[in-house]
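Starting from the known structure of chain Y, arrange chain D on it as the hints suggest.
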Amino acid sequence: MGIESPDVIDERIADEYIIDADFHLQIPNESFFPYIRDDAIREKVEEFGVPEKTYSGWKGTYASNVDSLGNAQGIAMNSEDILQVRKELGIDVTIVNAGLKFPNAGRYPPTMNELTRAYNDYVVDRVIDAENGIYGTLLLPKWDVEFTVEELDRLGDHDGIVGAHQWFSRSKPFGAIEYDPIFEKLIEYDLPLTLHPSAAYTSRFSQIGDTMRSYVEVSTTGMGHVLMANVMNMIMTGVFEKFPDLDVVLEEGGTMWIPYAAYRGDEIYQSYPEDVSLTERMQELDRKYLEKQPSECIFENMYVTTQPIALPKRSDMSEAALKLTHAEEMYLFSSDWPHGTVDAPNWLFQNSKIDDDMRAQIAHENAKDVYRFPN
Amino acid sequence: MTKHIIGTIEEFEEGEGTRVEVEGIPIAVFNLNGEFFGIADNCPHKNLPLHKAGHDRYLSSDIDPEDAPAGIKGKLDGEKCTVQCPWHQWEWDLKTGENLRPETRDRVPTYQVEVDGENVVLEL
Numbered sequence: 001m002g003i004e005s006p007d008v009i010d011e012r013i014a015d016e017y018i019i020d021a022d023f024h025l026q027i028p029n030e031s032f033f034p035y036i037r038d039d040a041i042r043e044k045v046e047e048f049g050v051p052e053k054t055y056s057g058w059k060g061t062y063a064s065n066v067d068s069l070g071n072a073q074g075i076a077m078n079s080e081d082i083l084q085v086r087k088e089l090g091i092d093v094t095i096v097n098a099g100l101k102f103p104n105a106g107r108y109p110p111t112m113n114e115l116t117r118a119y120n121d122y123v124v125d126r127v128i129d130a131e132n133g134i135y136g137t138l139l140l141p142k143w144d145v146e147f148t149v150e151e152l153d154r155l156g157d158h159d160g161i162v163g164a165h166q167w168f169s170r171s172k173p174f175g176a177i178e179y180d181p182i183f184e185k186l187i188e189y190d191l192p193l194t195l196h197p198s199a200a201y202t203s204r205f206s207q208i209g210d211t212m213r214s215y216v217e218v219s220t221t222g223m224g225h226v227l228m229a230n231v232m233n234m235i236m237t238g239v240f241e242k243f244p245d246l247d248v249v250l251e252e253g254g255t256m257w258i259p260y261a262a263y264r265g266d267e268i269y270q271s272y273p274e275d276v277s278l279t280e281r282m283q284e285l286d287r288k289y290l291e292k293q294p295s296e297c298i299f300e301n302m303y304v305t306t307q308p309i310a311l312p313k314r315s316d317m318s319e320a321a322l323k324l325t326h327a328e329e330m331y332l333f334s335s336d337w338p339h340g341t342v343d344a345p346n347w348l349f350q351n352s353k354i355d356d357d358m359r360a361q362i363a364h365e366n367a368k369d370v371y372r373f374p375n
Numbered sequence: 001m002t003k004h005i006i007g008t009i010e011e012f013e014e015g016e017g018t019r020v021e022v023e024g025i026p027i028a029v030f031n032l033n034g035e036f037f038g039i040a041d042n043c044p045h046k047n048l049p050l051h052k053a054g055h056d057r058y059l060s061s062d063i064d065p066e067d068a069p070a071g072i073k074g075k076l077d078g079e080k081c082t083v084q085c086p087w088h089q090w091e092w093d094l095k096t097g098e099n100l101r102p103e104t105r106d107r108v109p110t111y112q113v114e115v116d117g118e119n120v121v122l123e124l
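Sequence order for the protein chains is Y and D. The opening position of the first sequence corresponds to residue 1 in this note's numbering, with each subsequent residue numbered one higher. The opening position of the second sequence corresponds to residue 1 in this note's numbering, with each subsequent residue numbered one higher.
Warning: the hint list may mix true and false statements.
Straight-line Cα separation of at most 20 Å, SDA-like style, residue types lysine to any residue; simulated pairs [stated by the list, open to error]:
1. K75/D to K313/Y
2. K313/Y to N42/D
3. K87/Y to A14/Y
4. K46/D to E280/Y
5. K242/Y to V218/Y
6. K242/Y to M317/Y
7. K80/D to D10/Y
8. K353/Y to M317/Y
9. K46/D to D10/Y
10. K87/Y to R107/D
11. K95/D to P109/D
12. K46/D to K80/D
13. K75/D to D67/Y
14. K75/D to A14/Y
15. K95/D to A68/D
16. K95/D to R107/D
17. K87/Y to E184/Y
18. K75/D to K353/Y
Keep in mind that the hints were calculated from the coordinates and are not lab data.
Pulled out of the complex, with its shape left as it was, chain Y reads as follows:
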């Protein structure tokens, strides 16, 4: 009996080696302004802030009565902070992604490029600490493919960079052929493409997007449908035909989309495959049909981060869900720290259908397979 303050929220997680595949650097943009090389742009943003986004996302705070969901757990800005805050979750290795406030949707591409490069330099300078298991994903300025390739050549072989990050949003999906030079570089540097929902993941400027009212509608359907749109677009335009070694990590989009996209994708492809050969990449490859079925692309080239895991409470259904979503091969544990949707790894120990082998796969083995950790 007595007062106690355990270091970790569940002592069992301290004994497992856990890699967190989605930790956010949710920091003020001003933090990386000093890394902007262009004097005129730096002075502009220092005086007037970053250019406004051309669209914005939803306010989850309206639905939760909480003042800050983005920083609900706090603000970590450097490697020392990350070492401190990950203790209670029993995390051993952290993969740091950009925060949602990053101005990737601003109006001026050259300014966005400068901000992206500055962010990447900040991560290398202040965040990455490979000796202590803190790695980063390189932020890709996908609106400028040439510059993205330059960034990959500049930092793609850095020991602390283990993946390359962008958002899936309403913007152009990743099957567009103009992204091929990016995919080539990712394979050259053995980096997975990691895609995270942006704050503007809903279908704005459409009847559905503009008519949605609740955060629940937006959060459940917005992420899922934009994620699946990117997945199917990449598959059907032949991305994995041309780049069979490309790995994609789909973050924070849930897991239950997997069986639908895989099996419905296969079924409808069998019945309606004749327009696939008309897409640009398939024309370039001179292929009429895909060599890999949609399900094979999903199961072999894709991984998913687990937060927000939403398994059924009934154990038989939970077991079925884990099998259907290929948990043992595709799941990567993620916390989403510091957001209001943060997940702890305790569920890996509390679900009776997750045995030791599956737990190890989700906690670290799959991450070791897909991310380019230094040897």
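Frame of chain Y; chain D shown alone:
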């Protein structure tokens, strides 16, 4: 019912949770303006501890506290006698253990906590 001395008043910071363990049961104890409440230290939503409610959010040493978004994880309301889970904001009645949203049928065990002189006493 057995009364257990779980500490002295000064060991329970006002406005934030403290975890105690009584007969193997983890309990979150809250000192709200000198009135004490005990609730099982487990939010049934994700089985995460409630005792961190009222604690400060982590703030990087790089941030000047004057510029920082002040805030705590999980609001405590002394008037309504409620605690908000510091992880996902589910809100619980500290007297009845009921969730404040009526459609949620989960309920968390609560425990009587009283002050006896300088001691804080929990009934189990």
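Handout entry: Given pair status - R107/D, K87/Y, alpha carbons within 20 Å
Key = It is violated: about 29 Å lies between the C-alpha atoms, which goes past 20 Å.
Problem - Proposed proximity, V218/Y with K242/Y (alpha carbon, max 20 Å) - result: violated, 34 Å
Handout entry: Distance restraint between K46/D and K80/D, which requires alpha-carbon spacing of 20 Å or less
Key = violated, 24 Å
Practice task
Compare the distance between the alpha carbons of K242/Y and M317/Y with 20 Å, and conclude whether the hinted pair is satisfied.
Solution key: Violated: K242/Y and M317/Y sit about 37 Å apart, past 20 Å.
Practice task
Given the hint that K95/D pairs with R107/D, test it: the Cα-Cα distance must not exceed 20 Å.
Solution key: holds, 11 Å
Exercise for the section: Please work out if K75/D and A14/Y have their alpha carbons no farther apart than 20 Å. Expected result: Measuring from Cα to Cα gives roughly 28 Å; hence the hint is violated.
Exercise for the section: Starting from K75/D, check that the Cα of K313/Y is at most 20 Å away, please. Expected result: With Cα atoms ~28 Å apart, K75/D and K313/Y exceed 20 Å; violated.
Practice task
Starting from K46/D, check that the Cα of E280/Y is at most 20 Å away, please.
Solution key: violated, 46 Å
Problem - Agreement of K313/Y and N42/D with the hint, judged by alpha carbon distance not exceeding 20 Å - result: holds, 17 Å
Handout entry: Distance restraint between K80/D and D10/Y, which requires alpha-carbon spacing of 20 Å or less
Key = Measuring from Cα to Cα gives roughly 30 Å; hence the hint is violated.
Exercise for the section: Given the hint that K95/D pairs with A68/D, test it: the Cα-Cα distance must not exceed 20 Å. Expected result: Since the Cα atoms of K95/D and A68/D sit roughly 34 Å apart, the hinted pair is violated (cutoff 20 Å).
Practice task
Could you grab the alpha-carbon distance between K353/Y and M317/Y and see if it respects the 20 Å cut-off?
Solution key: Given pair K353/Y, M317/Y holds - Cα atoms ~10 Å apart, limit 20 Å.
Going down the numbered hints, you'll see the structure goes against 1, 4, 5, 6, 7, 10, 12, 14, 15, 17 and 18, while the others check out.
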